[in-house]
Amino acid sequence: MSASPSLRARQLAVSLLLALLLAAAGLLAMVFGSSGLDLATTLTALWAPEQAEPTARAIVWQIRLPRILLAAVVGATLSLGGLVFQALLRNPLAEPYILGISGGSAVGAIGGMLLGLTMFPGVTVAAFLGSMVTLALVLLLPASRAATGKDSLLLGGVMVNAFCSAVITFLISLSQESTQVHHILFWLMGDFSMLKSEQLPILLLILPCLALIFVMARPMNLLLLGRESASALGVNVQRVRVLLLVATSFMVSLVVCQSGLVGFVGLVIPHIFRQLLGSDHRLLAPACVLGGGAYLVFCDLLARMLSKTGEMPVGIVTALIGAPLFIFLLWRARR
Amino acid sequence: MSVVRVRGLNLHYGHQQVLRDLSLAIEKGEFFVVIGPNGSGKTSLLKVLAHLLKPAGGSVELLGKPLFAYGRGELARCLALVPQQMPLDFPFTVRETVLMGRSPHLGLLGVEGRQDHALAREAMDFTGVRHLEDRRLDQLSGGERQRVIIARAICQQPQVILLDEPTASLDPAHQVHIMDLLERLRQEQGITVVMVSHDLNLAALYADRLLLLREGEALTVGSPREVLTVGTLRHCFGCEMLVDLRGLDGIPRITPLPGKYLPR
Chain X
1 MSASPSLRAR
11 QLAVSLLLAL
21 LLAAAGLLAM
31 VFGSSGLDLA
41 TTLTALWAPE
51 QAEPTARAIV
61 WQIRLPRILL
71 AAVVGATLSL
81 GGLVFQALLR
91 NPLAEPYILG
101 ISGGSAVGAI
111 GGMLLGLTMF
121 PGVTVAAFLG
131 SMVTLALVLL
141 LPASRAATGK
151 DSLLLGGVMV
161 NAFCSAVITF
171 LISLSQESTQ
181 VHHILFWLMG
191 DFSMLKSEQL
201 PILLLILPCL
211 ALIFVMARPM
221 NLLLLGRESA
231 SALGVNVQRV
241 RVLLLVATSF
251 MVSLVVCQSG
261 LVGFVGLVIP
271 HIFRQLLGSD
281 HRLLAPACVL
291 GGGAYLVFCD
301 LLARMLSKTG
311 EMPVGIVTAL
321 IGAPLFIFLL
331 WRARR
Chain B
336 MSVVRVRGLN
346 LHYGHQQVLR
356 DLSLAIEKGE
366 FFVVIGPNGS
376 GKTSLLKVLA
386 HLLKPAGGSV
396 ELLGKPLFAY
406 GRGELARCLA
416 LVPQQMPLDF
426 PFTVRETVLM
436 GRSPHLGLLG
446 VEGRQDHALA
456 REAMDFTGVR
466 HLEDRRLDQL
476 SGGERQRVII
486 ARAICQQPQV
496 ILLDEPTASL
506 DPAHQVHIMD
516 LLERLRQEQG
526 ITVVMVSHDL
536 NLAALYADRL
546 LLLREGEALT
556 VGSPREVLTV
566 GTLRHCFGCE
576 MLVDLRGLDG
586 IPRITPLPGK
596 YLPR
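Protein chains in written order, with my numbering: chain X, 1 to 335; chain B, 336 to 599.
Hints in this document: simulated from the structure, not taken from any laboratory. Some hints here could point you the wrong way.
[As the list claims (entries may be wrong)] Output of the computed footprint for chain X on chain B, the stretches with three or more beta carbons under 8 Å from beta carbons of chain X: (1) 378-389; (2) 411-424; (3) 434-443.
[Claimed, not checked] Here are a few chain B residues that face chain X, going by a calculated C-beta distance under 8 Å: (4) E362; (5) A404; (6) R407; (7) F427; (8) V446; (9) Q450.
C-beta atoms are modelled at their ideal positions from N, C-alpha and C, and glycine is treated no differently.
Please take these sequences and the hints and turn them into a complete structure.
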């Protein structure tokens, strides 16, 4: 008999462990902050809000909890998005923004800010529309000839992003007010401080995308063998690719328009779990969702703690921790 | 009964015609090898049989049913493909790779069960890679990797197995090992083996019948003795070859004759 535990057992173990990690990160992020709450007060406010003092209740329910939820959802979505794009494009450097999502949403968001729209819903909607437009360009332009060539998609995305970054720089140079430039820079690095709790229900739209990607995890494994091998093993390659591309791009656009361009999570988290767990996407998908969520909650906590003056974009922290962590794992694997 | 029946097959890449009015029938349990010069359409024929390329004209039947009438999953339960190369940039373990052969037998949400693991172990035992089951594919030698992919194909429980130059870049011992495996598969399980090969001598040793392709056309089909003659080989490859029938059981042995620069 095979000594290794079954897939279901590994899925369960990994998910439980990472869910605990996520809960721990969430609890830490709930307790620490600019106004210190002790653990007991926080737990009381959480479990029995009517017994808690009003300030603690307000901090926990109106400030910290929505922010933690947003960080967790963004981390989960970007990590899973990176995992899917790396598999679909069969390129380990792929990240969730690679098909032009970052460029398009940034142009939309900055355009919205320059027009003086409110962050929510104005800028959010503008960012979402921006990413949908670029995505349609990238997906439909090469479709006339080689819709399935992984490199044509990749090149299309890179070109659209390059064009958009020129537009972004142009737009920034147009802006005269320094507070506006400050806002734009924060958005480009990913920032949770502008959050309004009424934004959160929109994120429920991500759930069907998550479900689809989980169901597609086994075909995704086969896609890594190449188009012909996957077909010969019974996968309808075209259908699986299109479904995954659309679902993933949609959910990534949804979080980007809420949080700005939080970098690096989508690149490094999938790689960390590949190093630790292997290549089976049925294991990697839940790991990326829970682990990516925990990672970003933790990074956001650090971002809040590190800047005494107010706010630091969370995107700075994700790369500051993530890059060394990944290099360490690579170094350990080589030995 | 013919397992594969091809009639009047035509295939184009753009304006270039790759296969021209090709007809053939492959019988159940046959060891069938396609030979021919580079660019003669061997691999393209294999891809048409695996329904990876759509022909411009003609018909292909598998087990008495038109190929286009098969769904992807249904086809993968009847026919397995061993490709020439496989990417290693996202390496799976040997066990994971072999279990992928069960994929067409599982539903969309299915997970490999006890039975599937048993079949995978059986297939790994058959091809002699069971001791490697926890290793990653990129840590194996070429011969080991080829045996893993054949185990995956066996795991599909197909009636036909298609192989694209499975012995290319292997040393002679590993070449014979792979060919023996396939012959055993044919004898013990009645699986039809269809292979593309550049190795005329191995083909002559193992094949029941050979198909000789030249510029997309079937030059001859028949037993190794019928196909591998001096005249046919010269016509097909444009090169003088020595055909020696005095070896093993009168199986032809082919030696390409050196060009004029080799002193003799």
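Structure-based check of all given hints:
1. 378-389: holds (count 4)
2. 411-424: Coverage by chain X holds here, the residue count being 9 at a Cβ distance below 8 Å.
3. 434-443: holds (count 6)
4. E362: This interface hint is violated because 22 Å lies over the 8 Å limit.
5. A404: violated, 15 Å
6. R407: holds, 5 Å
7. F427: holds, 5 Å
8. V446: holds, 6 Å
9. Q450: violated, 13 Å
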